[in-house]
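Chain order of the listed sequences is A, B, C and D. The first sequence begins at 1 in UniProt numbering and counts up by one. The second sequence begins at 1 in UniProt numbering and counts up by one. The third sequence begins at 1 in UniProt numbering and counts up by one. The fourth sequence begins at 1 in UniProt numbering and counts up by one.
Keep in mind that the hints are not guaranteed to be accurate.
Cβ-to-Cβ under 10 Å is the rule here; a few derived chain B residues that face chain C [what the hints assert, rightly or not]:
hint: 1; residue: Thr-65
hint: 2; residue: Asp-68
hint: 3; residue: Arg-124
Below 30 Å or equal to it, Euclidean Cα-Cα: the simulated BS3-like pairs (lysine-lysine) are [what the hints assert, rightly or not]:
hint: 4; chain 1: A; residue 1: Lys-71; chain 2: A; residue 2: Lys-98
hint: 5; chain 1: C; residue 1: Lys-94; chain 2: B; residue 2: Lys-71
hint: 6; chain 1: B; residue 1: Lys-54; chain 2: C; residue 2: Lys-2
hint: 7; chain 1: C; residue 1: Lys-204; chain 2: C; residue 2: Lys-2
hint: 8; chain 1: A; residue 1: Lys-71; chain 2: A; residue 2: Lys-126
hint: 9; chain 1: C; residue 1: Lys-204; chain 2: D; residue 2: Lys-94
hint: 10; chain 1: D; residue 1: Lys-94; chain 2: A; residue 2: Lys-54
hint: 11; chain 1: D; residue 1: Lys-286; chain 2: A; residue 2: Lys-49
hint: 12; chain 1: A; residue 1: Lys-98; chain 2: A; residue 2: Lys-54
hint: 13; chain 1: A; residue 1: Lys-126; chain 2: A; residue 2: Lys-98
hint: 14; chain 1: C; residue 1: Lys-2; chain 2: D; residue 2: Lys-94
hint: 15; chain 1: D; residue 1: Lys-204; chain 2: C; residue 2: Lys-204
hint: 16; chain 1: C; residue 1: Lys-204; chain 2: B; residue 2: Lys-98
hint: 17; chain 1: B; residue 1: Lys-98; chain 2: B; residue 2: Lys-49
hint: 18; chain 1: C; residue 1: Lys-286; chain 2: B; residue 2: Lys-49
hint: 19; chain 1: C; residue 1: Lys-2; chain 2: B; residue 2: Lys-126
hint: 20; chain 1: D; residue 1: Lys-94; chain 2: A; residue 2: Lys-49
hint: 21; chain 1: D; residue 1: Lys-286; chain 2: D; residue 2: Lys-2
hint: 22; chain 1: D; residue 1: Lys-2; chain 2: A; residue 2: Lys-71
Taking beta-carbon pairs under 7 Å as the criterion, some of the chain B residues facing chain C (in silico) [said to hold, decoys possible]:
hint: 23; residue: Ala-50
hint: 24; residue: Lys-54
hint: 25; residue: Gly-86
hint: 26; residue: Lys-180
hint: 27; residue: Gly-181
hint: 28; residue: Tyr-185
To be clear, the hints were calculated from the coordinates, so they are not data collected in a lab. A virtual CB, placed ideally from N, CA and C, is assigned to each residue, including glycine.
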Amino acid sequence: MADVIGVAWATQWVRASAAAVGEHRMELIDLDRAIGDGDHGENLDRGFKAVLVKLDNPDTAPPETVGDVFKLVATTLMSTVGGAAGPLYGTAYLRAAKAADGATVDAAGVADLLDAAVGGIVARGKAEVGDKTMVDAWTPAAAAAREVADGGGTATQALRAAATAARTGAESTDPLVARKGRASYLGERAIGHRDPGAQSSALLLEVAADAAESAESAQ
Amino acid sequence: MADVIGVAWATQWVRASAAAVGEHRMELIDLDRAIGDGDHGENLDRGFKAVLVKLDNPDTAPPETVGDVFKLVATTLMSTVGGAAGPLYGTAYLRAAKAADGATVDAAGVADLLDAAVGGIVARGKAEVGDKTMVDAWTPAAAAAREVADGGGTATQALRAAATAARTGAESTDPLVARKGRASYLGERAIGHRDPGAQSSALLLEVAADAAESAESAQ
Amino acid sequence: MKKLINDPQNVVAESVQGFVAAHADLVVAGDNPEELFVSRAGGAVQGKVGLVSGGGSGHEPLHAGFVGVGMLDAAVPGPVFTSPTPDPILAATKAADGGAGVLHIVKNYTGDVLNFETAAELADAEGITVRAVVTDDDVAVQDSLYTAGRRGVAGTVLVEKIAGAAAERGDDLDAVAEIATRVNANARSMGVALTACTVPHAGKPSFDLGEDEIEIGIGIHGEPGRRRIPLASADEITDLLLDPIVEDLGVSSGDQVLLFVNGMGGTPSSELYIVYRHARTQLEAKGATVARSLVGNYITSLEMQGASITVLRLDDELTALYDAPVHTPALRWGL
Amino acid sequence: MKKLINDPQNVVAESVQGFVAAHADLVVAGDNPEELFVSRAGGAVQGKVGLVSGGGSGHEPLHAGFVGVGMLDAAVPGPVFTSPTPDPILAATKAADGGAGVLHIVKNYTGDVLNFETAAELADAEGITVRAVVTDDDVAVQDSLYTAGRRGVAGTVLVEKIAGAAAERGDDLDAVAEIATRVNANARSMGVALTACTVPHAGKPSFDLGEDEIEIGIGIHGEPGRRRIPLASADEITDLLLDPIVEDLGVSSGDQVLLFVNGMGGTPSSELYIVYRHARTQLEAKGATVARSLVGNYITSLEMQGASITVLRLDDELTALYDAPVHTPALRWGL
Ligand SMILES: Nc1ncnc2c1ncn2[C@@H]1O[C@H](COP(=O)(O)OP(=O)(O)O)[C@@H](O)[C@H]1O
Ligand SMILES: Nc1ncnc2c1ncn2[C@@H]1O[C@H](COP(=O)(O)OP(=O)(O)O)[C@@H](O)[C@H]1O
Ligand SMILES: [Mg+2]
Ligand SMILES: [Mg+2]
Ligand SMILES: [Mg+2]
Ligand SMILES: [Mg+2]
Chain A
1 MADVIGVAWA TQWVRASAAA VGEHRMELID LDRAIGDGDH GENLDRGFKA
51 VLVKLDNPDT APPETVGDVF KLVATTLMST VGGAAGPLYG TAYLRAAKAA
101 DGATVDAAGV ADLLDAAVGG IVARGKAEVG DKTMVDAWTP AAAAAREVAD
151 GGGTATQALR AAATAARTGA ESTDPLVARK GRASYLGERA IGHRDPGAQS
201 SALLLEVAAD AAESAESAQ
Chain B
1 MADVIGVAWA TQWVRASAAA VGEHRMELID LDRAIGDGDH GENLDRGFKA
51 VLVKLDNPDT APPETVGDVF KLVATTLMST VGGAAGPLYG TAYLRAAKAA
101 DGATVDAAGV ADLLDAAVGG IVARGKAEVG DKTMVDAWTP AAAAAREVAD
151 GGGTATQALR AAATAARTGA ESTDPLVARK GRASYLGERA IGHRDPGAQS
201 SALLLEVAAD AAESAESAQ
Chain C
1 MKKLINDPQN VVAESVQGFV AAHADLVVAG DNPEELFVSR AGGAVQGKVG
51 LVSGGGSGHE PLHAGFVGVG MLDAAVPGPV FTSPTPDPIL AATKAADGGA
101 GVLHIVKNYT GDVLNFETAA ELADAEGITV RAVVTDDDVA VQDSLYTAGR
151 RGVAGTVLVE KIAGAAAERG DDLDAVAEIA TRVNANARSM GVALTACTVP
201 HAGKPSFDLG EDEIEIGIGI HGEPGRRRIP LASADEITDL LLDPIVEDLG
251 VSSGDQVLLF VNGMGGTPSS ELYIVYRHAR TQLEAKGATV ARSLVGNYIT
301 SLEMQGASIT VLRLDDELTA LYDAPVHTPA LRWGL
Chain D
1 MKKLINDPQN VVAESVQGFV AAHADLVVAG DNPEELFVSR AGGAVQGKVG
51 LVSGGGSGHE PLHAGFVGVG MLDAAVPGPV FTSPTPDPIL AATKAADGGA
101 GVLHIVKNYT GDVLNFETAA ELADAEGITV RAVVTDDDVA VQDSLYTAGR
151 RGVAGTVLVE KIAGAAAERG DDLDAVAEIA TRVNANARSM GVALTACTVP
201 HAGKPSFDLG EDEIEIGIGI HGEPGRRRIP LASADEITDL LLDPIVEDLG
251 VSSGDQVLLF VNGMGGTPSS ELYIVYRHAR TQLEAKGATV ARSLVGNYIT
301 SLEMQGASIT VLRLDDELTA LYDAPVHTPA LRWGL
């Protein structure tokens with residue numbers, strides 16, 4: 001049982017992210033139409049498509065570390081997504097890249113990079129848990145990964161725990177009034193709708209875990 | 001059996017016209033929406049409402065002759081209806097007013113004033129029978145009245161014959177391509193639709209006959 | 001029907017009240033609400049040919065938005081989509097008369113022609129010389145014995161601008177009429193509707209169009225067009241509008257043209273520029289030079305989504321007159 | 001979805017291509033299509049503070065329509081309703097820099113603020129001094145700890161016009177920023193939607209509104225408003241928009257104000273003037289003088305039917321700067 005994950009996993013995660021975002025594009029648009037401006041799925045789809053193009057560009061050196069992969073994702077999202085999600089996701093991946101500077105990552109490393117991502121999002125967006133934003137997915141995800149790491153679990157287990165917590169976190173935004181982002185303009189009318197950024201965050205973390213598990217079973 | 005009609009009939013016709021146009025306003029709008037610009041019912045309704053206001057104005061001398069009534073209708077329609085129908089109906093009533101200069105009108109007089117009306121419409125609009133305009137209602141109406149007059153019928157009979165012919169004339173516009181007015185822009189697409197001006201003309205002539213008959217039965 | 005209006009009967013009156021209040025430096029409304037017209041704030045310019053236009057309302061900013069220096073002297077807004085009656089046209093003609101005669105610019109519709117004709121007769125009886133130029137730039141309608149002739153549509157704006165400049169530089173009535181006739185003769189237009197519009201007094205859309213259908217060859221009164229086709233791309237639609245214009249006008253290599261993409265009221269300007277982009281490319285491919293451009297809502301059909309394309313073949317004089325200063329609520333440059 | 005577009009992915013690029021072709025005397029687009037921005041045709045004005053604004057597309061003519069003499073030096077159109085990324089903002093900032101620093105005028109949305117912030121840091125690293133003024137004139141949103149703060153809406157146009165005039169007269173960066181801040185502090189807006197708009201990439205309306213419902217307190221991105229109410233008369237709707245503005249701004253007797261009625265893109269100007277008429281009457285009833293007026297489509301939400309009202313409290317300096325000459329594709333006077 002593998003307890004570390006590396007650049008292959010990170011690359012696979014990115015590819016799976018692009019596929020998942022493409023597949024869920026309309027779902028994310030619809031969530032954003034309800035309490036925002038209807039572009040979240042389009043924004044991420046544009047961003048991850050651009051990431052794939054960069055990844056497959058024969059002229060650029062292939063990323064050698066997990067950090068390299070995240071850095072490529074960070075800069076590409078930053079310069080193609082726009083809106084609120086672009087800088088927020090961009091900063092998340094940038095901080096995660098710094099946290100994951102080795103070639104491989106163990107369970108503690110997963111927790112570290114998720115902590116770093118949360119830190120980046122909060123540094124830019126100033127949101128707290130309960131504000132009905134992507135923070136509501138990332139914060140419990142990081143905490144869950146840390147718990148697995150502290151309990152001696154594998155990186156893959158940490159990612160799965162993070163994904164599960166992120167999904168629960170996303171679901172927890174349904175009954176909330178928003179205090180950050182566009183949905184905050186709606187007041188009570190946001191109640192009953194899921195935050196699109198929290199939903200996309202859960203999606204990305206789920207494919208992160210899937211990527212780790214499939215790498216593992218291939219071994 | 002009365003063989004002449006007078007100012008009471010003319011006044012009653014005008015009042016009944018205003019009522020009928022009000023009642024059929026939406027029908028005429030819908031006919032005009034189909035092959036024109038959807039204002040015919042509104043235009044006539046505005047015009048005849050204004051006629052009523054003038055007729056009931058205590059400051060103006062009440063009309064003494066059939067011609068006086070028509071003149072009031074003519075000038076009021078001319079200055080309130082606008083569009084194509086305003087000048088056309090205005091000229092029709094103006095010419096009819098000149099033709100009906102006595103206090104009463106017999107069957108020949110009815111034929112004369114309808115001929116005058118047709119002459120006015122054609123002078124302004126240059127349409128012929130078959131062009132899918134109000135001419136298709138007025139022309140057979142005048143001819144039918146003339147036939148009754150020549151056959152020794154009454155004014156009331158002449159009006160009823162005119163009304164019946166006008167209705168048939170209006171119906172005859174259904175299968176036509178228009179060659180005058182807005183409907184001419186539509187080419188073949190006008191086929192299957194009744195000309196709104198022909199329809200309103202038939203309506204007005206029907207209430208003219210009704211007014212004569214009710215005056216008669218009241219005697 | 002969803003509109004920012006009060007009583008449908010008062011739409012034109014209230015809108016004109018707002019309009020003259022907002023542009024009091026440029027325009028005034030006549031005193032008599034029964035004879036509604038809008039004219040230049042300073043009154044008629046003595047010695048200058050007066051320009052009067054008008055027609056049904058619902059095409060704003062046409063015509064009242066073009067009253068001011070270098071363009072119209074007075075405009076007559078009729079009820080929505082209904083030609084005004086002769087009385088307000090006469091009143092506007094008097095207000096526009098500076099002693100050098102008045103030009104009526106009339107869009108070719110039976111109602112407009114008849115009512116302006118009567119007003120001109122009445123003005124003549126009062127000693128005002130009136131000439132009329134009837135605009136008929138719409139190539140969607142064939143000019144034949146079997147129609148009321150081509151309609152006057154967006155080219156009318158260019159006639160008003162250019163003839164207005166001619167009057168402003170001191171041309172006499174015949175010369176201004178000649179310029180107006182020349183502009184009309186060199187302008188061709190065609191329009192498309194993506195949606196119908198709703199006339200306030202009717203309360204329902206002027207026609208029913210499926211979610212995937214558009215009307216090609218529409219006029220400006222919510223009347224149906226020449227034909228209904230499936231929704232197509234902007235470039236394809238642009239070709240459908242531009243080709244008959246280019247053919248009828250005989251645009252050829254070396255021509256200098258003005259390209260005018262007009263919005264019908266409910267189409268965002270971003271879409272008008274997409275149409276403009278392709279139309280310009282196509283004209284240039286024919287060897288024509290797009291020397292002047294106008295893009296925006298200038299002659300509309302209420303809230304209709306759609307657009308029209310107008311091409312005006314320019315000569316040096318028309319270009320100079322088009323460039324001359326204009327200061328009206330809806331068109332302004334050089335002042 | 002019925003639009004005059006080709007591929008939804010190309011809407012912004014093609015529209016900007018048409019726009020710069022039509023207004024080549026005033027504007028150019030940057031060379032790199034990946035970093036799309038529009039700037040003054042003549043390049044940066046040496047010694048003048050540069051003004052840059054931008055944001056999601058779909059609000060045309062804002063912002064690119066306001067690039068030109070007396071207003072913006074560059075504008076950055078993002079994807080429809082999506083803030084541009086830092087790269088094109090940086091490119092625009094460089095194009096606008098004439099050595100006297102650059103002012104970013106940013107509408108208060110999380111995405112716009114974050115992306116402009118990053119661009120400003122990057123510009124700073126390249127030696128360009130940048131200051132940012134964030135507009136937040138929308139009284140429909142409460143500015144509290146529990147929201148992202150008030151949104152920047154139509155008041156932004158007035159900030160761009162007046163700050164642009166200050167830059168043109170030679171004010172330094174701090175002074176231009178002070179003027180921009182002052183305009184924003186004295187402007188309040190609120191909007192209504194009669195219909196939703198359809199973002200091209202989404203392909204369906206941004207919200208579903210019943211035939212007899214309207215949204216009060218909308219933003220400019222097709223987002224739902226504060227509340228949904230039954231359709232009402234123009235005068236009633238005008239009161240619903242104007243009252244919170246007047247209260248929040250504290251309009252009182254003797255105030256000189258600018259009244260700006262803005263169309264959302266799909267509303268005919270006749271309706272905007274009906275709104276203007278009543279708003280003006282109400283302001284005058286409060287003892288205020290409507291000293292300046294602006295009525296039209298200046299900051300839109302694609303083809304949405306609806307309008308917003310903005311009231312700006314004027315002082316002599318702001319009035320003079322508002323009156324100063326401006327020559328841009330969408331706003332022009334005095335030149
Ligand atoms: N201040 C913030 N902090 C954290 N997340 C935020 C913040 N503001 C917005 N978001 C997230 O961004 C998402 C919206 O992203 P997106 O639709 O792409 O951008 P925009 O709101 O600019 O249209 C929201 O659903 C929310 O999760
Ligand atoms: N040249 C014409 N001669 C006779 N009648 C005409 C002519 N042009 C139009 N009409 C009549 O006028 C009617 C339309 O009237 P109306 O809708 O009130 O005016 P508009 O066409 O200006 O909107 C048509 O249905 C037709 O009967
Ligand atoms: Mg969004
Ligand atoms: Mg009609
Ligand atoms: Mg009409
Ligand atoms: Mg957005």
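Evaluated hints:
Taking 10 Å as the C-beta cut-off, the interface hint given for Thr-65(B) is violated, the closest approach to chain C being about 25 Å. With 10 Å as the threshold, the beta carbon of Asp-68(B) stays out of range of chain C, its nearest partner Cβ sitting at about 21 Å, so the hint is violated. Interface hint status for Arg-124(B): upheld, as the beta-carbon distance to the closest one in chain C is roughly 6 Å, under 10 Å. Taking the CA atoms of Lys-71(A) and Lys-98(A), the gap is about 8 Å. The hint holds against a cut of 30 Å.
For the hint pairing Lys-94(C) with Lys-71(B), the CA-to-CA distance comes to about 26 Å; that is within 30 Å, so the pair holds. Restraint check for Lys-54(B) and Lys-2(C): the C-alpha separation of about 34 Å exceeds 30 Å, so the hint is violated. Using a Cα cut-off of 30 Å, the hinted pair Lys-204(C) and Lys-2(C) holds, with the two alpha carbons roughly 10 Å apart. A distance of roughly 22 Å separates the Cα atoms of Lys-71(A) and Lys-126(A); the hinted pair therefore holds under the 30 Å criterion.
For a cut-off of 30 Å, the pair hint linking Lys-204(C) to Lys-94(D) is broken: about 52 Å separates their Cα positions. The hinted pair formed by Lys-94(D) and Lys-54(A) meets the criterion: a straight-line CA distance of about 26 Å does not exceed 30 Å. For the hint linking Lys-286(D) to Lys-49(A), the alpha-carbon distance of about 56 Å lies beyond 30 Å, and the restraint is violated. About 20 Å separates the Cα atoms of Lys-98(A) and Lys-54(A), which keeps this hinted pair within 30 Å; it holds.
The suggested pairing of Lys-126(A) with Lys-98(A) holds, with an alpha-carbon distance near 21 Å, which does not exceed 30 Å. Taking the CA atoms of Lys-2(C) and Lys-94(D), the gap is about 45 Å. The hint is violated against a cut of 30 Å. Restraint check: the Cα-Cα separation between Lys-204(D) and Lys-204(C) comes to about 23 Å, which is no more than 30 Å; the hinted pair holds. With a C-alpha separation of about 40 Å, the suggested pair Lys-204(C) and Lys-98(B) falls outside the 30 Å cut-off, and the hint is violated.
For the given pair, Lys-98(B) sits about 23 Å from Lys-49(B) by alpha-carbon distance, which is consistent with the 30 Å threshold. Using a Cα cut-off of 30 Å, the hinted pair Lys-286(C) and Lys-49(B) is violated, with the two alpha carbons roughly 56 Å apart. For the hint linking Lys-2(C) to Lys-126(B), the alpha-carbon distance of about 39 Å lies beyond 30 Å, and the restraint is violated. For the suggested pair Lys-94(D) and Lys-49(A), the alpha carbons sit about 28 Å apart, so the restraint of at most 30 Å is met.
Restraint check for Lys-286(D) and Lys-2(D): the C-alpha separation of about 44 Å exceeds 30 Å, so the hint is violated. Straight-line distance between C-alpha atoms of Lys-2(D) and Lys-71(A) comes to about 40 Å, which puts the hinted pair past the 30 Å bound. The beta carbon of Ala-50(B) is not positioned within 7 Å of any beta carbon in chain C (closest approach about 10 Å), and the interface hint is therefore violated. With its C-beta approaching chain C no nearer than about 12 Å, Lys-54(B) sits outside the 7 Å limit, and its interface hint is violated.
With 7 Å as the threshold, the beta carbon of Gly-86(B) comes within range of chain C, its nearest partner Cβ sitting at about 6 Å, so the hint holds. Satisfaction of the interface hint for Lys-180(B) is found here, the shortest Cβ-Cβ separation to chain C being roughly 6 Å, below the 7 Å cut-off. Against a cut-off of 7 Å between C-beta atoms, the interface hint on Gly-181(B) holds, since the closest Cβ of chain C lies about 5 Å away. Given the 7 Å rule on beta carbons, the hint for Tyr-185(B) holds: about 5 Å separates it from the nearest Cβ of chain C.
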